[in-house]
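Colleague: Okay, here's what each chain looks like letter by letter:
There are 6 protein chains.
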Amino acid sequence: MTQSKLVKTQRYEAGVLALNKVSPGIEETMMNSVEHIAPFFKQYVVESFGDFFSREQALSLQQRELAVIASLSTLGHAQPQLQFHIQAALNVGCSRTEITEVISTVALYAGVPAALNGLRTAADTFKSIEE
Amino acid sequence: MTQSKLVKTQRYEAGVLALNKVSPGIEETMMNSVEHIAPFFKQYVVESFGDFFSREQALSLQQRELAVIASLSTLGHAQPQLQFHIQAALNVGCSRTEITEVISTVALYAGVPAALNGLRTAADTFKSIEE
Amino acid sequence: MTQSKLVKTQRYEAGVLALNKVSPGIEETMMNSVEHIAPFFKQYVVESFGDFFSREQALSLQQRELAVIASLSTLGHAQPQLQFHIQAALNVGCSRTEITEVISTVALYAGVPAALNGLRTAADTFKSIEE
Amino acid sequence: MTQSKLVKTQRYEAGVLALNKVSPGIEETMMNSVEHIAPFFKQYVVESFGDFFSREQALSLQQRELAVIASLSTLGHAQPQLQFHIQAALNVGCSRTEITEVISTVALYAGVPAALNGLRTAADTFKSIEE
Amino acid sequence: MTQSKLVKTQRYEAGVLALNKVSPGIEETMMNSVEHIAPFFKQYVVESFGDFFSREQALSLQQRELAVIASLSTLGHAQPQLQFHIQAALNVGCSRTEITEVISTVALYAGVPAALNGLRTAADTFKSIEE
Amino acid sequence: MTQSKLVKTQRYEAGVLALNKVSPGIEETMMNSVEHIAPFFKQYVVESFGDFFSREQALSLQQRELAVIASLSTLGHAQPQLQFHIQAALNVGCSRTEITEVISTVALYAGVPAALNGLRTAADTFKSIEE
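Listed in order, the protein sequences are those of chains U, G, C, X, Z and B. Residue numbers are given in the working numbering: position 72 of the first sequence equals residue 1161, and the series is strictly consecutive. Residue numbers are given in the working numbering: position 60 of the second sequence equals residue 1149, and the series is strictly consecutive. Residue numbers are given in the working numbering: position 68 of the third sequence equals residue 1157, and the series is strictly consecutive. Residue numbers are given in the working numbering: position 102 of the fourth sequence equals residue 1191, and the series is strictly consecutive. Residue numbers are given in the working numbering: position 99 of the fifth sequence equals residue 1188, and the series is strictly consecutive. Residue numbers are given in the working numbering: position 128 of the sixth sequence equals residue 1217, and the series is strictly consecutive.
One chain only, chain U, in its complex shape (with noise of 0.2 Å):
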């Protein structure tokens, strides 16, 4: 037996906590089909994301949010995690204005693709919340 299973250290229970300060409830659900090929790898994404989102003086939890969102929609084939991210920063207290401000700003840096492939995943996540 080669794969190790998921381990919940401390840095995996900080990481959940700062999952939960985004997404409250994320770690039970994420990564599902993932997870049973792969325990190792969520182990390591949410230690990680722990270990980044709790410097928060640092950076703020917004702060952090908009940057990952200008990463992600830089990347453009994130759509998923964007989608992810663009809640979370919603749930952290950005406006939809920083939101898609944000994404725009990318057309300069990444082209308009990547930026209108971004906004209409805000677009779709804005919606999915109205409804």
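Treat the hints with caution; some may be incorrect.
Where chains are identical, the list cannot tell them apart; a pair therefore holds if satisfied intra-copy or between any two copies.
Said to hold, decoys possible - Pairs of lysine to any residue residues, derived as SDA-like cross-links and limited to a Cα-Cα distance of at most 20 Å, are as follows: (1) 1097 with 1140; (2) 1097 with 1139; (3) 1216 with 1120; (4) 1216 with 1125; (5) 1094 with 1186; (6) 1097 with 1108; (7) 1094 with 1145; (8) 1094 with 1184; (9) 1094 with 1149; (10) 1094 with 1144; (11) 1216 with 1121; (12) 1216 with 1112; (13) 1094 with 1215; (14) 1094 with 1185; (15) 1216 with 1124; (16) 1097 with 1143.
The hints are simulated quantities; they were obtained by calculation from the structure and are not laboratory data.
Got chain U; can you put chains G, C, X, Z and B on it based on the hints?
Modeller: Showing chains G, C, X, Z and B alone in chain U's frame:
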């Protein structure tokens, strides 16, 4: 209120003219879901499109559409925009062979998957025209 | 008539042999929608695949498939090709752990979203085998 | 004569104003080697910069510079532009910690090399200020 | 001994002919540092170049070079190859305006930094010709 | 004071052990310019490296280094990291042929420039060893 409305400037009208040359009537329906949340961004895209595509003395519409198709195929994550520009290229008189040959060539510079996924988008676009 | 037909050269037949080692019978169905509009491109892909994958003295099929999985996961926009090569890797004897571990490692170098989306493709592929 | 000259439109002057807020005097020297061969492109960049960076009611200059730094770090191939915007971020009042924290966070989403190379550019920029 | 030598097949000679059309004599010096450690790779590149660039009935050399320039500018990390193809485009009769206009257009689809760095490479190439 | 110091946790020491297996003594000099401005980031990189590279039951060091080389070559913008991992791959027993073959294969999936620039880095690394 922080989000300015879409303003139909002189540049915007020039953008609509340029858009109509490659895809008649597109401005009314393009980016509908996005226009609602980011009207400034639609304005920026239409105006910028006009800035470039009205420069026909520097590059013909056929030449520019083929360059755009090469760029979008290379990105890999911009299939909706690629579909639009494959249709636009046909509208301004590029041949199917020119289009598939440009996308195929991208395999050498950006890899087989980028070219292959681009050609699948081309096949879908060609098929939707025939139906 | 500008588009040459697919010509089954000696290199093409070597490509089919190489393809059959990683995915028996694939050449008949691969790139069907694309073959119609760009027969040269299918020829190029099969021939090039053979050029690389027949070099088993330099890299075993297992080693090459794992390298390809690392490359495709890194790209992020090549899920159909990644799915093919995850199946191919299993066919030539790579273990599920080797595959998920290679994709997980990509998180360090190309980011968590690239690895996560790659692992989702792996989970889907593994599941479709079990059904 | 196909290449139009750089025209200092009203939008261009607004772009210069916006540029001067983040990097006083930059317009005169920016893109010198490029202005000669593509005057239209310099005009487009200055005008577009103004379009986005004058929207301070939607996003403060500090917020926008941090978003741009996240986007440029993610790209990986835009070190000259990243250097400019790290300096600009400092000019508009972002702290060094905010800048390094945004770039570090990119490691999670675009990989360690993108963040590491971005941080090296930040280290160079900070050092050149001290000298 | 696992590394096969570069074999000058019929396809290789066709590749040299195609290369000579865009850059006379290039095959002797191209990829010198790489040829020593990966002779097969040089063979693959020359042969593949010939496969594509000899298809002049499908796309003229000028059209293909402009498509390649759009693709390489989009990538952002391929300045040595972009420099080669800007020179090649001039050699086969593309105008400087066509080249700078194609690279400028990439700003809309892949962002300003990709276009700007591409234009800097063009400025360097044009300047080295004048000297 | 917002920037925490680098803390040599148990995970950090495990990371140093893992690093020493692929490149003895590297931890002392790695990321020197960056450690000064972002000590947390060096800690994160060393710890994360250890998380992955200590999982030798899942993937041997040779296998993991070849996967990393495939990923870094694909990115195109990560030559310093690629150079490090080519040296590391040699250190853990990969052959030069395995390394050049993995990078060459990337040409099919991420394009010739990515592979070619990667092979140039390999040629430089091999040469620096011989001197």
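Colleague: The structure should be examined with respect to each hint, and the outcome stated for every one.
Modeller: Consistency of the hints with the structure:
In the homo-oligomer, the alpha carbons of residue 1097 and residue 1140 lie at most 20 Å apart both inside one protomer (15 Å) and across protomers (15 Å), since each shortest distance falls under that limit. In this homomeric assembly, residue 1097 and residue 1139 come within 20 Å of each other (Cα to Cα) both inside a single copy, at 13 Å, and across copies, at 18 Å. In this assembly of identical chains, residue 1216 and residue 1120 lie within 20 Å of each other by CA distance solely across copies; the values are 15 Å between and 23 Å within a copy. When the C-alpha separation of residue 1216 and residue 1125 is checked against a cutoff of 20 Å, the pair qualifies only between copies, where the shortest distance is 11 Å, while the shortest distance within a copy is 31 Å.
Within a single copy, residue 1094 and residue 1186 get their C-alpha atoms only as close as 42 Å, which misses the 20 Å cut-off; across copies the closest is 13 Å, which meets it. Proximity of residue 1097 to residue 1108 under the C-alpha cut-off of 20 Å is restricted to the intra-copy arrangement: shortest distance 14 Å within a copy versus 25 Å between copies. Taking the shortest Cα distances, residue 1094 and residue 1145 sit within 20 Å of each other only across copies (15 Å), while inside one copy they are farther apart (30 Å). Within a single copy, residue 1094 and residue 1184 get their C-alpha atoms only as close as 39 Å, which misses the 20 Å cut-off; across copies the closest is 17 Å, which meets it.
Taking CA atoms no more than 20 Å apart as the test, residue 1094 paired with residue 1149 passes between copies only; the shortest distance there is 19 Å, against 33 Å inside one copy. Taking the shortest alpha-carbon separations for residue 1094 and residue 1144, only the inter-copy value of 12 Å comes in at or below 20 Å, while the best intra-copy value is 27 Å. Within a single copy, residue 1216 and residue 1121 get their C-alpha atoms only as close as 25 Å, which misses the 20 Å cut-off; across copies the closest is 13 Å, which meets it. For the homomeric pair residue 1216 and residue 1112, the shortest alpha-carbon distance inside one copy (18 Å) is at most 20 Å, but the shortest distance between copies (28 Å) is not.
In this homomeric assembly, residue 1094 and residue 1215 come within 20 Å of each other (Cα to Cα) only across copies, at 19 Å, whereas the closest approach inside a single copy is 36 Å. Within a single copy, residue 1094 and residue 1185 get their C-alpha atoms only as close as 39 Å, which misses the 20 Å cut-off; across copies the closest is 15 Å, which meets it. With identical chains, the CA atoms of residue 1216 and residue 1124 are at most 20 Å apart between copies only, with a shortest distance of 13 Å across copies and 29 Å within one. In this assembly of identical chains, the alpha carbons of residue 1097 and residue 1143 lie at most 20 Å apart whether taken from the same copy (17 Å) or from different copies (18 Å).
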